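Undergrad: Residue numbers (our numbering), protein chains in the order written: chain Z, -3 to 175; chain U, 1117 to 1457; chain F, 457 to 556; chain Y, 0 to 666.
Check each hint, because a few of them may be wrong.
Claimed, not checked - Covered stretches of chain F (chain Z as the covering partner; in silico rule of three or more C-beta atoms under 8 Å from a C-beta of chain Z):
id : stretch
1  : 460 to 467
2  : 482 to 496
3  : 518 to 530
What the hints contain is simulated information worked out from the structure, not anything from laboratory work.
All figures in this text were calculated on a predicted structure; none of them were measured in a lab.
Note that CB positions come from ideal geometry on N, CA and C, so glycine has one too.
Listed below, chain by chain, are the residues.
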Amino acid sequence: MAFNLILFYLFAAIAVGTTLLVVVQSNPVHSVLLLIGSFIGLAGLYVLLEAPFVAVIQIIVYAGAIMVLFLFVVMLLNAPREAIVRSSMLESGATRAVGALLALAFAAELAWALTRSRTLAMSHAGDTPAFSVPQIGQRIFQEYAFAFEATSILILVAMVGAITLAGRHLSKNDQGHNG
Amino acid sequence: MLNPVVIAQLAILLFVFVMLLSSAAGMVYMERKVAARIQQRMGPTLVGPYGLLQPLADIIKLAMKEDVRPKAADPILFALAPIISAACAFTAFAVVPFGAETTFFGLLDQPVPLQVADVNVAILWVFAVTSMGVYGIVLAGWSSNSKYSLLGALRSSAQMISYELSYGMALAAVLVLSGTMSIRGIVEAQSGGLLDVSHWFLWLQPVGFFIFMTAGVAETNRAPFDFPEAEQELVAGYHTEYSSMSFAMFFLAEYINMVTVSAIATSLYLGGWNGPFLPEWLGWIWFLAKVGFLLFFYVWMRWTLPRYRYDQLMAFGWKFLLPLSVVNLLVTAAGVLYFGL
Amino acid sequence: MADLNHYLILSGLLFTIGTAGVLLRRNVITVLLSIEVMLNAVNLTFIAFGRFLGSSDGQIIVFFVITVAAAEAAVGLALVIALFRHVETLNPDAFRQLRG
Amino acid sequence: MLLWIPLLPFIGFLVNTSGGRRLSKTAAGAVASGAMFVAFLASVISVRALVLLPAEERELTQRIFTWIGSADFQVPLGLRLDPLSAVMILVVTGIGFLIHLYSTAYMVEEEPREYARYFAYLNLFAAFMLLLVLGENFLVLFVGWEGVGLCSYLLIGFWYKNRLAADAGKKAFIVNRIGDVAFILGVLLAFTQLGSVNFKELNGLIAGFRPEETFGVVSAIALLLFIGATGKSAQIPLYIWLPDAMEGPTPVSALIHAATMVTAGVYLIGRNAVIFAHAPEVLTIVAVIGTATALWAGAIGMVQNDIKRVLAYSTVSQLGYMFMAMGVGAYAAGIFHLLTHAFFKALLFLGSGAVIHALSGEQDLRHMGGLKKELPITYWTFLVGALAIAGVPGLAGFFSKDEILYRTFAAGHPLLWTVGAITSLMTAFYMFRLVFLAFHGERRTDAEAVARGAASRLPATHEQHHDADNSHPPHASHLHDAPRAMATPLVVLAIGSVLAGYLNVPAALGGSAFLEHFLEPSLQVPAVEGMHGAAEHASYSLEMALMIVSSLIAVAGIGIAAFLYLKRPAIPEAMAARFPGAYQFLVNKGYIDEAYDAVVVQPIKSLSEHVLWKADATVIDGAVNGMGQIVAESGALLRQMHTGSLRLYAVSVLFGAVMIVGYYLWS
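Same shape as in the complex, but just chain Z (with noise of 0.2 Å):
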């Protein structure tokens, strides 16, 4: 049916467009904003594919938790604009330029590497239902219960990481009950 093409269309072109601004823009508060539009449009591509709970999930966590992660920090070390340091300006500009060239050929490579995958054969496959929340869950607390307890684990880990690695200063001047 053309129309969920044209939903389709429309959010890639979201995607793609602010994903580039995020990239290009020089402000990091207007990228944080703009990767959250890409994460939005995104969200609306799972809508089509029929993961309306991974939609969801995408932007409560993602837009909705680790953005406001990224806004504070930006705020809180109120990010100067691009600084650039002379020093290594040379090798730098010869990575990136590197950098650059590696991506496009990357690039090429995905590309190629669609011209001659046997995807297209199933390219229609996409007839079977949707996958209710339940069947979601009962499928992560039952086959994948150890992925979910190590990822559990991880994030307790990365909680305490995170508190040593920029709470220091508060524990220093021992203001740390509010950090």
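Position chains U, F and Y relative to chain Z; hints supplied.
TA: Okay, now just chains U, F and Y, sitting in the frame of chain Z:
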């Protein structure tokens, strides 16, 4: 393409929009009146009978004002912030049903739900939109480049993030009970029973209701948790620099958020449109009544309770409310497992 | 109906943009953002494949990816803050203390 | 069930090591003794279960888990209870328990944590010993074997603040190691040649062979095992650690000498009776060594002045008897003597401990005397023990020792028999010399001497204690007989020393030789020509005659001692003066320690100091440092790649990605 059902849905959409706007206006009036009564005053009386037109006057006044923008402000974001707030406030309401399915007395060949969109992850949707609402405030505070605004913004965002957790936990408990994420489903799960009342989740989730309302008040930055605009310390918090319509938008957003929270609370705990004595197609009256009561409760609380201290607020949120909500969730889950509720 | 390749191409595009961002930007925070972009590109492929192969694994994996991304962002930003306290800049080229 | 027998003391050990310092003394002691007592009950129960079985399949096995499981080499951590181990566990747990009980009173002057440490070691010791006797294959036995060695080191050196004690501990440990090497070699040889380490399988295998006329594999195994046994059981040439072991607390000496460690060697030979039966030469060696040890140690024992050393040498010589029995193929007799000896030797040690305790650390016989009045219980029980070991008819020692002598004679070794007889004369003599010197006559000392003796003899901990309450220096009026916790074991053991003999009344006296028949399943040896067979068609009359002889000998020995030390106390000094050479030689234990030091220790020391040390410093250290060098160099090289440029890293990662994807696209 343009069949009656679609028309009906568009109509509903329009209705919700208007209703929200007017409810905001109504809130302004009620707030003033109740405040006045609580303080032994008359409140607005001049404009219209009983000062009923006072909100209108306010809006006109606001619209007439000049829209000032600080020079140092970030133009785009400064303009964007209020829009985000308002938009989030509206979108959150989209998934809230305010009445049973109806065919409008056979006007339609298939019944339509009295709600904008019946998403099957509605709760998560509400949650997501609320979390997006933070941006409006943060950006407002940051972009207007003034210390009061920034402080207010940081405060309120920190506050909202902290209380979102308890908020979500309380929601989760209800999910466990009803087994669905669609708010309509939840409401239907509360129908029936004695006088259509005995099945409300309020009876099963008193603690949850308490947590939800407290967190909701914090989420909407209302007294006694109204730090973002603690006028004694921060002038007006994140919207200090705003004026005219852009200020009106924040204003609007705040009231609509209150309405949304009350509406969700109604649907989750107070059985939505379920109520005694009224035929189902009039259920929306019950819904409005309950929401209205909760809104009154908001105002009542604002003028009764003093404002907390900020660290008290944080301590309360993290050290009391969150653990309590976790326990509540665990107990609920255990109960469901045990009694198979 | 958009078929699988649409999504794959799109994600490839996003991934490349992200890579370019990582390599070209002179601001650590933007670099981190670009990394998030790359992650999302991959997520998109997962979901698309899951959808077109009719399995829910894609969504579950994405669920985990997002969780890990959260952890990664937390630690990464903490590092950025710590670094910023040492060298008053966010330019990755300035973090050269570990030069061998 | 079997598992619990060694496990209980081990649990006690764990409790006392982990929580000991927080436990009160009483609690610590209670834990340890309780564990032993329960273990004793467990042993009794399982032995009963064993006895209820018909004679031929008397065996209980428990496999806890597969310890070593490689393709064709499966070693389970298995316990096996057969008549032999049954006797052993009863001795170990029973007497061990009594010694624990005794220690609670004896060690009461220690600091709480020292106290706990002591009991922890004691329990560990018992646990390992039980593992040793219950093990169903050589490896399990070896664990116990080594563990016992370790615990002996820990316990002998218990008062490690005291130089002598520490050295004695080390000596015991090292000497044991020497034996252990031989033991391991024997086990390995058995495994490589016969392909098994399980006692049952080995016995089954070897029973098929013909006894080796010429010295072969089996003989080699037997010899190596025997050397190991000499290490643990203090036989020539490795007996030297035992007398020094007296530096440890007296109950420990009792435990080591009577119940546990030293009997391990005898047990080992009994356990592998089949192997030895198939190695006649080795058996002869065993017999000769045993006899020689018995004689030599007895001779030294006659002139020692330290009460505990006398007992130590008597232990060595009694062990000599046991090996003699083993050597002539009278395994049952050996085990029987082990059993009885366990009773009266434990009794004697604990008795001497009571004396030392009463005299607050005095150990020199010359400072004793006349204790009969002050320490009645100790005296009478000690007397019973002395009579028993001297072999006075009717008491335990009589039956077992005569059994051995008779077997020896019957096995056609009149020479060995003669020596054994002489030794039993010595035994009777030095025991009663001890009794008379210690208990009869007058006190040859005064408080000061005792105090001095105490100060000189006692390790640091005791000294502190005595300085602490030295308000009244201990002298005759203050002597206190053994407190109940010490008296009870003494009495029990005394009764045991009287009755134990009746377990195996020989047929000649109309007895049924119960123990021998009970032990037969474990010790049954294919009649190897000459030795064991001979016993069968030996006449009772001969046995009777020999018994009379040896009892006369015993009485004679007692008589001589009485004459020399009660009637004419002058004579011994006179004799000592008359033959100073011999006297000095014996008093200094035949200068064996000095000889070993000169022949073995010094050469090794000089070798390692002058040659090996340099080799170590140059070759081995060189190799190690070289490694370090290489690593450092390569690190310095790789360091160049580490530019610290974040971007460069990212680029290289991407480069890798591009390459990999490209590779897969090409192929």
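Undergrad: Against this structure, judge whether each hint is valid.
TA: Okay, the hints, checked on the actual structure:
Coverage of the stretch 460 to 467 of chain F by chain Z holds [criterion: at least 3 residues with CB-CB distance below 8 Å; count 7]. Interface restraint, the stretch 482 to 496 of chain F with chain Z: holds (10 residues with C-beta to C-beta distance below 8 Å; minimum three). Taking a C-beta to C-beta cut-off of 8 Å, the stretch 518 to 530 of chain F contributes 12 residues in contact with chain Z, enough for the three needed, and the coverage statement holds.
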